[in-house]
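Using the sequences and the hints, build the whole thing.
Protein chains in written order, with full-length UniProt numbering: chain A, 1 to 466; chain B, 1 to 466; chain C, 1 to 466.
Check the hints yourself; a few may be wrong.
Identical chains share a label here; the pair holds if one copy fits it or two copies do between them.
[As the list claims (entries may be wrong)] As a list, the in silico EDC-like pairs of lysine to aspartate or glutamate whose alpha-carbon atoms are at most 20 Å apart:
| id | residue 1 | residue 2 |
| --- | --- | --- |
| 1 | K322 | E238 |
| 2 | K322 | D277 |
| 3 | K322 | D341 |
| 4 | K322 | D194 |
| 5 | K461 | D182 |
| 6 | K322 | E346 |
| 7 | K142 | E238 |
| 8 | K269 | D10 |
Derived by calculation from the structure, the hints in this document are not laboratory data.
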Amino acid sequence: MSRPLELHEDRLFPAEPEVRALARELYATVAQLPIISPHGHTDPEWFARNEPFGNASELLLHPDHYVFRMLYSQGIALEDLGIAGSNADPRASWRIYAENYHLFRATPSRTWLDWVFSEAFGLDVRLDAGTADLYFDTITEKLQTPEFRPRALFDRYGIEVLATTEGPLDTLEHHAAIRASDWNGRVITAYRPDAVVDPEFEGFVHNLAQLGELTGEDTMTWPGYLAAHRQRRRFFAEMGATSSDHGHPTAATANLSSAEAQALFDRVKTGTGSSADAELFRAQMLTEMAAMSVDDGLVMQIHPGSLRNHNRQLFERFGRDKGADIPTRTDYVQALQPLLDRFGNEANLSIILFTLDESSYARELAPLAGHYPCLKLGPAWWFHDSPEGMRRFRQMTTETAGFYNTVGFNDDTRAFLSIPARHDVARRIDCGFLAQLVVEHRLEDWEAAELAPELAYGLAKRAYRL
Amino acid sequence: MSRPLELHEDRLFPAEPEVRALARELYATVAQLPIISPHGHTDPEWFARNEPFGNASELLLHPDHYVFRMLYSQGIALEDLGIAGSNADPRASWRIYAENYHLFRATPSRTWLDWVFSEAFGLDVRLDAGTADLYFDTITEKLQTPEFRPRALFDRYGIEVLATTEGPLDTLEHHAAIRASDWNGRVITAYRPDAVVDPEFEGFVHNLAQLGELTGEDTMTWPGYLAAHRQRRRFFAEMGATSSDHGHPTAATANLSSAEAQALFDRVKTGTGSSADAELFRAQMLTEMAAMSVDDGLVMQIHPGSLRNHNRQLFERFGRDKGADIPTRTDYVQALQPLLDRFGNEANLSIILFTLDESSYARELAPLAGHYPCLKLGPAWWFHDSPEGMRRFRQMTTETAGFYNTVGFNDDTRAFLSIPARHDVARRIDCGFLAQLVVEHRLEDWEAAELAPELAYGLAKRAYRL
Amino acid sequence: MSRPLELHEDRLFPAEPEVRALARELYATVAQLPIISPHGHTDPEWFARNEPFGNASELLLHPDHYVFRMLYSQGIALEDLGIAGSNADPRASWRIYAENYHLFRATPSRTWLDWVFSEAFGLDVRLDAGTADLYFDTITEKLQTPEFRPRALFDRYGIEVLATTEGPLDTLEHHAAIRASDWNGRVITAYRPDAVVDPEFEGFVHNLAQLGELTGEDTMTWPGYLAAHRQRRRFFAEMGATSSDHGHPTAATANLSSAEAQALFDRVKTGTGSSADAELFRAQMLTEMAAMSVDDGLVMQIHPGSLRNHNRQLFERFGRDKGADIPTRTDYVQALQPLLDRFGNEANLSIILFTLDESSYARELAPLAGHYPCLKLGPAWWFHDSPEGMRRFRQMTTETAGFYNTVGFNDDTRAFLSIPARHDVARRIDCGFLAQLVVEHRLEDWEAAELAPELAYGLAKRAYRL
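Below is the structure:
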């Protein structure tokens, strides 16, 4: 009595038949293009060691906060799902998940997961209470085969380059191991300095000291601290990094004099600065990072606007990344001005802006990116990495910023198998958007044919200097 | 020369034929489901006394601020419409309305009213200057017949349950009369304590005293004041209430210590507190109400973000609810944190959030409801209770919160006959949305068939514990 | 090998065939209606002198900040485009533009420009590197013919009335010359007092003195300053003006006592007031202008929310209007209250509100315009004067404000030939919107037929009292 699972070839294309037919044609030209994944959170150790993933829950439930936050919202305890080191039986957790799979109807998680179930694991019935064990067994068994080891999956899905994200204190040993191996998959890192840039980060003072040890610089002085960043950025670049990444609560930047910056650093370095000091220091560091990017060429990504760990009880019990990061209203126009006053007209600088506040798309981000040489727009992000979210992104940014001030898609995921699934969604939605423009005679068909591979592949490769 | 009035069977369904056909099929399965109306502002006296409504203007023009605000915006005096006790001749007012009915083109009021004219009163020509008298006479005459008495209409439109809204000082005598009568229509109340919770409410100090008399509690003390609330909530629950309702200017909550709350209460209870005290007291009271809900199980509704009585001249002349309540930007993420710090993980607590600020749908409300066990999303509200508004609600919330963190439709109206009209609109729009998902292969047809009655009936019934 | 350029007769209509067919029918009834252009920035000297435009770059590149900001955003130097007095060869600039014309794909600039190329200049191949010279020569040659002189183009495109925008210090000599000529094109002015109303405007103190000289009033006193405004407004009205225009950073209004206003004026008139004084003075002046409008009948336009000259380096090198004006979040509900407290219920006052912050459409502007007799909504503006922008405007305002609280289209452009192109886009999008409503049975076909010419022509004419 189980329901069939079949991915329809026209999924995610617009309903109108003429638009759909053209979307299908465009998609056919990009479906098999290699995947450029320039921003994400997969674990490089997977590719360094190439060990099999453990079981269905370990691969598809435990690391996916999109999934378990939804189950949690309906009253299911995280302990029962095996989150954060609870000893729940993986099969029992999987059954709970299966029984509640209807909660994901019309969500992007459901779209990605069905793709993984069908395309990666060959399942042809739908996940529900009745098929929970079939799923758990099938997936878990396949994971033990050579075809499902990390490198094999990487190759199977045509990933041309995959960026992970590491902090300055990371030794990048897994990246070194990958480069030293005989496998030629391109897994690179990205420089994410929050732990030594954000005075409110757990262990900030200790982290500064560690950064000093690692670099031999005196990170208790402002010049030594900046030199340590420069050194680590150089090391990251040697290990393949082409970008840095900055996940601040706001987009605030500052442009302090050297003396002011020095004095501010002296206040925050001991952990005794105020909350306003912390915000100002993060702001100043965005501008410092931009200055370094002008020199070393790393592309700068700014990901603001998430209030992390909103659920304090949950944070105290389970730690970070448990699905309780909530977006907030985010200003860009005033916030970025200090940085742009200094570097806005640098044609060699490349800053990619993201947002969780869609009201800024047409009002702030598209006008900024449609003017400043250094600015480009990242794709629909996180909660908005979804069919409706991507459509709104295109509808609200294209008319002012055009396509060429955007940077293609990136998946930003820690759920490895969702990478090809997510790129597939993005390609389908973008082809649908282009087809709509053609049928409304706002774009020529040959232009759409040129743009489709740019949106799927070319823009990301160039924007991230890959 | 009058124009025909006919409700098209496909109204409000999407234009694309395949989507439309499926929307029609889905709608057929829910069109006749009973109406759950868990939040609204009809007058319980109607059902207690079951007297006939007076005339067309009294039923369809005077109580409907959606209607007369639009006429007022075009320079028509409220006095000429018979609003707020003016002695305008009802037929003359109706004629003005009829002559200006074109102002409502493409508004939801027009959709609801045409439904009422056609479906309830059997009119088959359109309202305009030429048919004004025909309308006035037909409607007024029918209202004198038994079939148009309040209880008969309630039964005719298949209302399973209808909630009104009353303040703590209300004796609920009409609800008592309904329960004591031989009619078995289910008309329940909801606990809306603004008059004794908001220090800026007209007569707040007097209201506190009255609450003391009514309950026998010493409402000049903080514990006595809270005990009085508990007692009235219990009484409301006995009279059928399953929910409370909170219409604050903002969504601010607070989590003060008992001593701080006591001190704050002492400042506001005499009417001498500052405006900041008033805001903090309202904020603290949301958290207190949540605490009571954990105990007594009343579902909590938070309706923030309307700046009431924006037009001061009008307010001074005509009083409240004259169409001059204007939405404002509303923050939820910071505002709700104090309450959520205390009760966010209570699976037994149920808080339904509404908004007039659509920019919060995808950015704040869906992420919050998609994580916290105690939170759910109310439907598109007030200015957004409309075809476009409902579509935006589904498009912007479903991907993050899913369908099951929403609570179905509610009409929130004081215009009795618009209740079935509004539910019909919601059912049509939701079926159109589901059909769109199916045709785009984002949802299976059998899933849409399961979801349609949930959105029309099941979710509301369960969310409001009816 | 060049690509053909052909304007499709169905461009910008929705894709669904039934909707499209109806849109086409509605459009046919309005396509040839005269153009009402009640707000814009063309140069009256063109029509006074009726000299030929110089060359392609001078007409279509140099004055169009929509165009050169996009080129600039991709690293092209403004000097190479001949902007702001650089001596770049116009043909060389045109070639750069042509080579980069793909940047404009799916932008409104592309739609307008293709219309101009095809419809005005008869070009039948697309602009690209290979056709750059053909374009430059064809356009430049035609510009030297009598048919392409300003008055001939004005007549050819059926412009019934065109408003320019001038400051109080302008002598309006070009308008006088037009009126004195034998040409009967109606070119009127609009009163834009920023230079003598905004204490932060370049040369404000000097401007005040000049205003005194021009009017014979003592503009160093508050009564004299107001009298000078009244006098200039009267003069502007004599030269055809029916409106004033106010481009403040915010929508703030104030309602100071006469003594407070006097004291504030004394602080700002010497250029020594604070930034808060400047904001308060602008705010008070909106209310003073409303008071004058009540007397003299000029329609008041409020255009807030643009942070001008965001790129400081560029501003210092090239001056104003170089594509670096960036929208900001804009509040209307609190901001307008002081003015509305005083004049909100004046049925003779007409205030047209614009926004660059689309989040205010449904939340603030439609509810305000749907209530206050004095308020109406201007069309989708600037960055939102685009197909998607116009659709969002209609979708987010119509249900609450209706059509009759809107004022038709205006082009707000300094690019003369884009005027007919922009009106054509607006007419097509509005007809598509109406057609969609009809096919979804939310509007009758005969109502759409009545509304189409209102949106294209009638509403603008009446709202601006033309």
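- Query: Any hints this thing doesn't respect? Which numbers, in order?
  - Reply: Violated hints: 1, 2, 5, 7, 8; rest satisfied.
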